[in-house]
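Based on the sequences and whatever the hints tell you, model everything.
Here the protein sequences line up with chains A and B, keeping their order. Residue numbers for the first sequence, in this note's numbering: 1 to 253. Residue numbers for the second sequence, in this note's numbering: 1001 to 1199.
Everything labelled a hint here was simulated from the structure, so no lab data went into it. Treat the hints loosely; a few may be bogus.
Simulated restraints on C-beta separations [as the list claims (entries may be wrong)]: (1) Ser1088/B to Asp54/A: 48 to 58 Å; (2) Pro1021/B to Glu118/A: 53 to 63 Å; (3) Arg21/A to Asp1043/B: 53 to 63 Å; (4) Glu99/A to Pro1021/B: 50 to 60 Å; (5) Arg21/A to Arg1006/B: 13 to 23 Å; (6) Pro157/A to Leu1105/B: 50 to 60 Å; (7) Arg238/A to Arg1006/B: 41 to 51 Å; (8) Asp71/A to Pro1121/B: 39 to 49 Å; (9) Lys1018/B to Thr117/A: 28 to 38 Å; (10) Asp54/A to Leu1105/B: 29 to 39 Å; (11) Ser19/A to Asp1043/B: 41 to 51 Å.
Just so we're clear, the structure is a prediction, and the values are computed from it rather than from any experiment. Even glycine gets a Cβ: it sits at the ideal position worked out from N, Cα and C.
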Amino acid sequence: MAGTEVLGRVTWRTGKVVSLRDETSTARTIAIEVRDWPGHVAGQHVDVRLTAPDGYSAVRSYSIASAPNSDRRIEITVERLEDGEVSPYLTQEVAIGDELDLRGPIGGWFVWHVDQTEPIQLIAGGSGIVPLMAIIRSRLASASNARFRLLYSLREPAAAFYKDELQAISIRGESVILSYAFTRITPKDWPRPASRIDAALLSENVWPSHLSPTCYVCGPTSFVEHVAGLLIAAGMDRGRIRTERFGSTGEHK
Amino acid sequence: MAIISRGFSGRRSAGEVKLPPGQYLTTDFPVLSAGPTPRISLDRWEFTIDDGTNVMQRWDWNSFRDLPRETITVDLHCVTRWSKLGTSWEGVSFDTLLANVKTDLPFAMIHSYGDYTTNLPLKDLLSKQAWIAFKYDGTDLAPEHGGPARLLVPHLYLWKSAKWVKGLTLMKDDKPGFWEGLGYHIYGDPWREQRYSEE
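Structure representation (structure tokens):
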């Protein structure tokens, strides 16, 4: 895979905030219009730069949540970190009409291309859903027939991002099979007590290894370590497991 | 020209710490890897140095651990923008590992268990700039941080400090490793902010 193909030109661009949507009490989706956006591949991220009046600046990377499209608009979903420097600003201060410096798209490994035909297994822990949502949206917006499954592990039902959209996908019965796991609080009448993902839950909710799926696992480090270990124990080819880890803390710590 | 972010003041580092451009301080030790963490048993571990044709040096775990070890305290700078200061390691320097290797080949490709690779000039491995580390903070290196042993080359972005190392191949010409082939900088100096290939 050629790096330059998926890296794009890493110059700073100006984006304009065109809409804001709260996903949860701590996470917000920001739609940004970027006039010279070169397009991206599902799974890539952008660097966002904030600059104070005295020139001090801080840059953080955020996964792109939206599917590649031609309308020069991308969405990112930002989870507010209590001790964060950039995420509190992006989830609380930023307003429609504000301009942001951003750079990207970046990343050529944790990506899904529409010409991939093999079964795809997505496994998200918490806010790790963001790049996987871009992959699902990319799949649904394309002519792809690839078979998809998403296993979405959450602390509690209220922590879910993209609730309505995922529910609609689930109801329409499109070829994305969704399942959830809850680690602290389950919905009422949920058949399984709250617990971390284990081998039994995994075997019921992911493609069997003989289908040779490509697996994309994204979430906090301990989640990714745990799930990748279970996938290998279940016979998955380690070369087909791609991981992306968000920081060192998380629900499974 | 940067856009001023209305209402943003940021959180400056308190002390006089000088970080490479675009980095922020963390006290965590985040983990970044492209795939699952390989589990390598010590009785099958080895590290080799070759020139693409012949193996020039080979150590198993015991002979590797018999080499002179050093305590190293260094700052780490990850391309994902976190920096961690004053980390403490134990390892074997490449000055020791390469002491009996005679070569004119100026570049190196590092290979890892799990098929990761990264490239760097051979001179960046010498002069007490690079080690194979097997302890972090006084304890055996955890698998998710690269154990049993990882490259430690702290003057470059941390992706160059390959985890789970198993060998070094000397090369006539520089060639991109894993991330370098996916658009990251061929050299990766944090002080010159060489994050991506076009910088």
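Here is what the structure says about each hint:
The hinted range of 48 to 58 Å is not satisfied by Ser1088/B and Asp54/A, whose Cβ atoms lie roughly 35 Å apart. Roughly 41 Å separates the CB atoms of Pro1021/B and Glu118/A, a value that falls outside the hinted 53 to 63 Å. Distance hint check: the CB atoms of Arg21/A and Asp1043/B are about 54 Å apart, consistent with the given range 53 to 63 Å. The hinted range of 50 to 60 Å is not satisfied by Glu99/A and Pro1021/B, whose Cβ atoms lie roughly 22 Å apart.
Between Arg21/A and Arg1006/B the CB atoms are about 20 Å apart, so this pair conforms to the stated range of 13 to 23 Å. Restraint check, Pro157/A to Leu1105/B: a C-beta distance of roughly 58 Å satisfies the suggested window 50 to 60 Å. Separation of Arg238/A from Arg1006/B is about 47 Å and conforms to the stated range, judged on CB atoms against 41 to 51 Å. For Asp71/A and Pro1121/B, the Cβ-Cβ distance of about 44 Å falls inside the hinted range of 39 to 49 Å, so the restraint holds.
Here the CB-CB span from Lys1018/B to Thr117/A is close to 50 Å, at odds with the stated 28 to 38 Å. With their beta carbons about 49 Å apart, Asp54/A and Leu1105/B fall outside the hinted range of 29 to 39 Å. The hinted range of 41 to 51 Å is not satisfied by Ser19/A and Asp1043/B, whose Cβ atoms lie roughly 58 Å apart.
Of the hints listed earlier, those the structure fails to meet are numbers 1, 2, 4, 9, 10, 11, in rising order.
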